[in-house]
Amino acid sequence: MNTSNKKNRSWAEPYKIKMVELVHMTNEAERKKALVDAGYNTFLLKSKQVYIDLLTDSGTSAMSDRQWAGMMLGDESYAGSENFYNLEKAVKKYYGYKYVIPAHQGRGAENIISQILIKPGDIIPGNMYFTTTRLHQELAGGKFVDIVIDEAHESFNEHPFKGNVDLIKLERLIREHGSKKIPYVCIATSVNMAGGQPISIKNLKEVREFTKKHKIRIIHDMTRVAENAYFIQQREKGYKSRSVKEIILEICSLTDGATMSAKKDALVNIGGFLAVNEKKIYEEASNLVVVYEGLHTYGGLAGRDMEAMAMGIAESVDDDHVRARVGQVQYLGKLLTAMKIPIVLPIGGHGIFIDARKFLPHLKQTQFPAQALAAEIYLDSGVRSMERGIVSAGRNVETGDHYYPALELVRLTIPRRVYTQAHMDVVAESVYEVFKNRKKITGLKMTYEPKYLRFFQARFEPL
Amino acid sequence: MHFKTIIEPFRIKSIEPIQFSTRSQREEYLRRAHFNPFLLNSDQVLIDFLTDSGTSAMSSQQWAAMMQADESYAGAGSWTRFENAVRDLTSMPYILPTHQGRAAERILYNHLGGAGKYFFSNTHFDTTRANIEFSGAKAVDLPIEEARNFSSDFPFKGNLDVDKLGEWIENVGAENVAAVILTVTNNSGGGQPVSMANAIAVSRLCKSKNIVFVLDACRIAENAFFIHQNENEYKGHTFYLIAQEMCALADACIMSAKKDALVNMGGFLALRNKSLADACTQLLIITEGYTTYGGLSGRDMEAVAVGLKEVFDADYLKYRIRSTTYLGNALKEMGVPVIFPIGGHAVYIESDKLYEHIPVSEYPGQALVCSLYRTGGIRSVEVGSVMFGKYDEKGALIPAEMELVRLAIPRRVYTQSHIDYVVEVFEEIVKTKKQVKGLRIIQEPAFLRHFTAHFEELSQ
Chain G
14 MNTSNKKNRS WAEPYKIKMV ELVHMTNEAE RKKALVDAGY NTFLLKSKQV
64 YIDLLTDSGT SAMSDRQWAG MMLGDESYAG SENFYNLEKA VKKYYGYKYV
114 IPAHQGRGAE NIISQILIKP GDIIPGNMYF TTTRLHQELA GGKFVDIVID
164 EAHESFNEHP FKGNVDLIKL ERLIREHGSK KIPYVCIATS VNMAGGQPIS
214 IKNLKEVREF TKKHKIRIIH DMTRVAENAY FIQQREKGYK SRSVKEIILE
264 ICSLTDGATM SAKKDALVNI GGFLAVNEKK IYEEASNLVV VYEGLHTYGG
314 LAGRDMEAMA MGIAESVDDD HVRARVGQVQ YLGKLLTAMK IPIVLPIGGH
364 GIFIDARKFL PHLKQTQFPA QALAAEIYLD SGVRSMERGI VSAGRNVETG
414 DHYYPALELV RLTIPRRVYT QAHMDVVAES VYEVFKNRKK ITGLKMTYEP
464 KYLRFFQARF EPL
Chain S
69 MHFKTIIEPF RIKSIEPIQF STRSQREEYL RRAHFNPFLL NSDQVLIDFL
119 TDSGTSAMSS QQWAAMMQAD ESYAGAGSWT RFENAVRDLT SMPYILPTHQ
169 GRAAERILYN HLGGAGKYFF SNTHFDTTRA NIEFSGAKAV DLPIEEARNF
219 SSDFPFKGNL DVDKLGEWIE NVGAENVAAV ILTVTNNSGG GQPVSMANAI
269 AVSRLCKSKN IVFVLDACRI AENAFFIHQN ENEYKGHTFY LIAQEMCALA
319 DACIMSAKKD ALVNMGGFLA LRNKSLADAC TQLLIITEGY TTYGGLSGRD
369 MEAVAVGLKE VFDADYLKYR IRSTTYLGNA LKEMGVPVIF PIGGHAVYIE
419 SDKLYEHIPV SEYPGQALVC SLYRTGGIRS VEVGSVMFGK YDEKGALIPA
469 EMELVRLAIP RRVYTQSHID YVVEVFEEIV KTKKQVKGLR IIQEPAFLRH
519 FTAHFEELSQ
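In order, the protein sequence lines correspond to chains G and S. No gaps in the numbering here: position 66 of the first sequence is 79 in the working numbering, and each next residue is one more. No gaps in the numbering here: position 443 of the second sequence is 511 in the working numbering, and each next residue is one more.
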């Protein structure tokens with residue numbers, strides 16, 4: 014629990030509570046019924062059926078009183094809103110990118126950059142896939158290829174930077190397809206599907222040098238860049254005395270553009286942006302954003318939401334904030350480790366990822382162990398988590414078969430500034446209870462499967 | 069009511085200061101914005117009539133609902149309240165939330181459209197047309213003849229020409245018709261209302277040919293006011309009931325909630341048909357967000373749920389329509405050529421009649437927009453050849469049918485003294501109209517050029 018610089022100090026929050034939201038305490042009968050109604054998919058539960066909601070850290074942050082005050086300063090003019098210029102300033106100051114186009118959320122920005130840069134037949138290497146990112150690449154005619162280091166796929170490997178790129182894999186791709194077929198390399202900070210794992214500056218610098226040589230861009234999926242920067246500060250040689258703020262600027266300076274879902278690190282409930290350094294891409298994006306999102310000075314966001322985002326960005330790069338944020342995640346992770354629960358190590362920045370294969374070794378992957386485990390945890394305590402395994406991975410477009418990801422995980426994602434230490438204790442106790450009775454858990458079969466992003470709406474029944 | 073003054077059925081709870089500027093400052097701002105007021109910063113604008121979209125003042129009730137919002141990613145209580153409000157209005161079983169109206173359009177029209185397909189509408193709006201053309205389909209406007217006759221006081225100039233629609237369907241074949249879109253009120257055609265009788269006729273024709281009938285309902289409350297006023301059989305109906313009846317005629321309903329739902333952000337697509345809903349849901353998740361938030365925060369969904377009720381309040385709607393009419397009548401009296409009758413959300417000026425010395429190829433509408441900004445800091449929008457013009461193979465302009473300038477009035481934002489100031493500015497505009505010059509475009513994108521195009525003033 015000691016993550017501060019001084020010994021024996023806790024990670025206590027650098028804020029106090031200003032406003033609360035009442036939660037509903039559920040009972041077992043209610044939960045049983047709710048789970049059946051939801052087809053054993055935690056996405057389909059209603060929020061009032063949930064006690065502690067660890068489904069996602071996306072859009073679920075508690076905003077600060079300053080952000081709420083900023084919301085009241087929303088300038089809702091259709092064109093040229095003051096809030097846009099504040100957002101633009103914040104992005105330039107804290108991330109260093111030249112041009113900014115707001116989008117209603119991250120996937121709006123991903124859609125636009127994919128359409129501009131990807132031609133049919135292109136290859137997009139990246140440090141592990143993410144559901145919506147890969148889908149937009151595929152819809153634009155491209156193909157995602159994973160170039161993350163092998164360690165990222167091993168849940169117990171304690172490599173400090175499991176988000177690193179394997180340069181040999183990248184080199185092989187360039188040799189095979191030629192650099193002309195690779196419009197950009199997609200670099201995520203930190204890597205969600207690997208368990209919230211960071212990439213090191215050293216590795217990113219190598220990727221930069223290598224891509225420069227081959228004239229390939231780096232597009233930065235920066236939704237959790239502050240958490241990644243914090244891990245660099247804690248783990249990478251030479252960064253101990255550097256602030257999170259400085260490290261973020263260095264990360265961004267090694268890339269050519271970024272897509273941001275501000276619903277994560279930037280502490281807002283809605284919003285995102287596309288940032289680039291090339292004027293030509295900016296101009297193309299300005300024209301395209303009007304079709305999909307809204308005029309380039311609001312991009313589908315209310316003025317107040319751009320203001321909250323500008324302030325959230327400033328708050329998110331503060332050392333004390335990130336230390337407490339990651340500290341809380343580490344706290345839960347350490348509780349679970351002490352209980353011998355198999356989780357992905359090292360503990361990530363935004364959530365705890367339970368290894369469902371190790372948790373439920375008696376189930377085959379086609380019996381959806383992570384989905385079954387998420388359902389069971391909800392049933393025990395009303396804690397809502399998310400499957401990040403075979404269901405999320407979807408199917409191969411060419412063969413029609415499931416992708417079989419090495420990691421079959423249940424994600425307990427911690428919203429920023431929302432839950433207390435006592436809530437974390439309840440979560441750990443519930444997972445432990447399920448762990449004790451794990452032999453009784455049967456697998457699931459899928460009874461409804463949507464074509465795209467199936468994990469959102471698929472329905473299941475127990476075997 | 070025998071008093072003439074329009075009194076607002078609310079008082080002000082929170083204000084936003086506006087910036088004053090001098091004429092020479094505005095000259096400079098306009099130059100820097102390349103003579104395109106879309107590119108002005110909002111603090112350079114005194115009275116912002118650019119749009120009534122997303123610019124409403126919300127009520128204390130809406131703000132209170134926002135504070136109670138549930139930001140859960142999936143299955144939020146705010147979503148349930150939003151869904152219930154939309155379902156109650158539209159009577160449609162499948163409700164897809166979107167971050168704003170154009171996203172709902174894009175999802176539905178991309179699915180229905182494609183090369184070789186036709187869309188028919190009373191008049192396609194700019195973003196609607198862009199979405200349709202982006203998919204490769206054709207967008208054909210079929211307004212009634214009276215829509216162009218400005219001396220006529222026919223009350224429903226927003227109607228779609230049902231005879232022409234029938235002919236077009238015969239000619240292109242019903243199987244090639246992607247959808248018929250009825251926009252209420254008809255924004256690009258002068259904000260004119262559509263009668264219930266017309267909606268019924270369109271609905272019948274579409275049903276008999278098995279064609280999807282889409283209602284673009286972004287100003288459905290204002291449209292209901294005109295139906296109540298001018299169609300006898302609806303005199304006894306509430307505005308809400310009229311809107312419900314209109315929705316009941318359609319197969320799909322699209323709404324930019326930024327207009328008549330009195331919010332700053334939000335929209336939806338409502339559908340009656342399950343397989344259509346399933347296909348659209350896939351697209352929704354890819355580009356907008358999960359089915360229970362669609363790219364909106366919980367608080368925005370709350371505000372829509374409350375706003376959709378408030379907008380149908382009889383006192384509000386009376387105030388809204390009367391205050392728009394007040395501005396329109398004042399301009400008409402001083403000889404400004406306005407589209408008549410005055411619509412619900414905006415006053416439309418025929419710029420080519422005001423500036424007879426500026427040819428269409430020099431964009432008289434854009435000239436008026438610039439002139440209004442220079443003279444009084446008023447921001448308006450051109451709805452003419454800048455917005456809808458195209459080029460032929462030789463690069464000559466194919467002009468739009470009308471050269472309008474729209475003064476769109478944000479809901480619950482400006483007072484009568486603001487409006488009186490605008491009227492004064494127009495007195496000056498009329499006095500100095502001969503000195504105004506045309507413009508040419510020096511830079512433009514392929515789609516929706518009016519948002520980002522750069523202009524240059526012509527010297528003669």
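It is worth saying that the hints were derived from the structure and are not from the lab. Any given hint might turn out to be false.
BS3-like cross-link-like pairs, simulated, lysine-lysine; straight-line CA separation at most 27 angstroms [to be verified]:
no., chain 1, residue 1, chain 2, residue 2
1, S, Lys342, G, Lys132
2, G, Lys293, S, Lys458
3, G, Lys46, S, Lys342
4, G, Lys59, S, Lys81
5, G, Lys293, G, Lys371
6, S, Lys377, G, Lys464
7, S, Lys458, S, Lys206
8, G, Lys292, G, Lys225
9, S, Lys377, G, Lys458
10, G, Lys464, S, Lys458
11, S, Lys206, S, Lys342
12, G, Lys59, S, Lys185
13, G, Lys45, G, Lys31
14, G, Lys293, G, Lys46
15, G, Lys61, G, Lys31
16, S, Lys377, G, Lys61
17, G, Lys132, S, Lys206
18, G, Lys377, G, Lys293
19, G, Lys31, S, Lys377
Derived list of chain G stretches under chain S, where covered just means 3 residues or more per stretch with a C-beta under 8 angstroms from a C-beta of chain S [said to hold, decoys possible]:
no., stretch
20, 42-50
21, 71-85
22, 125-137
23, 255-267
24, 300-307
25, 337-346
26, 384-395
Derived, one-sided and incomplete: chain S residues facing chain G with beta-carbon distance under 10 angstroms [what the hints assert, rightly or not]:
no., residue
27, Phe88
28, Ser89
29, Ser92
30, Ser121
31, Ser159
32, Tyr361
33, Ser527
Since we're looking at a predicted model, the values are computed, not measured. Think of the CB as a built atom: it goes at the ideal place given N, C-alpha and C, for glycine as much as any other residue.
### Query
If you check each hint against the structure, which ones fail?
1, 4, 5, 6, 9, 10, 12, 13, 14, 18, 19, 20, 22, 23, 25, 26, 27, 28, 29, 31, 33
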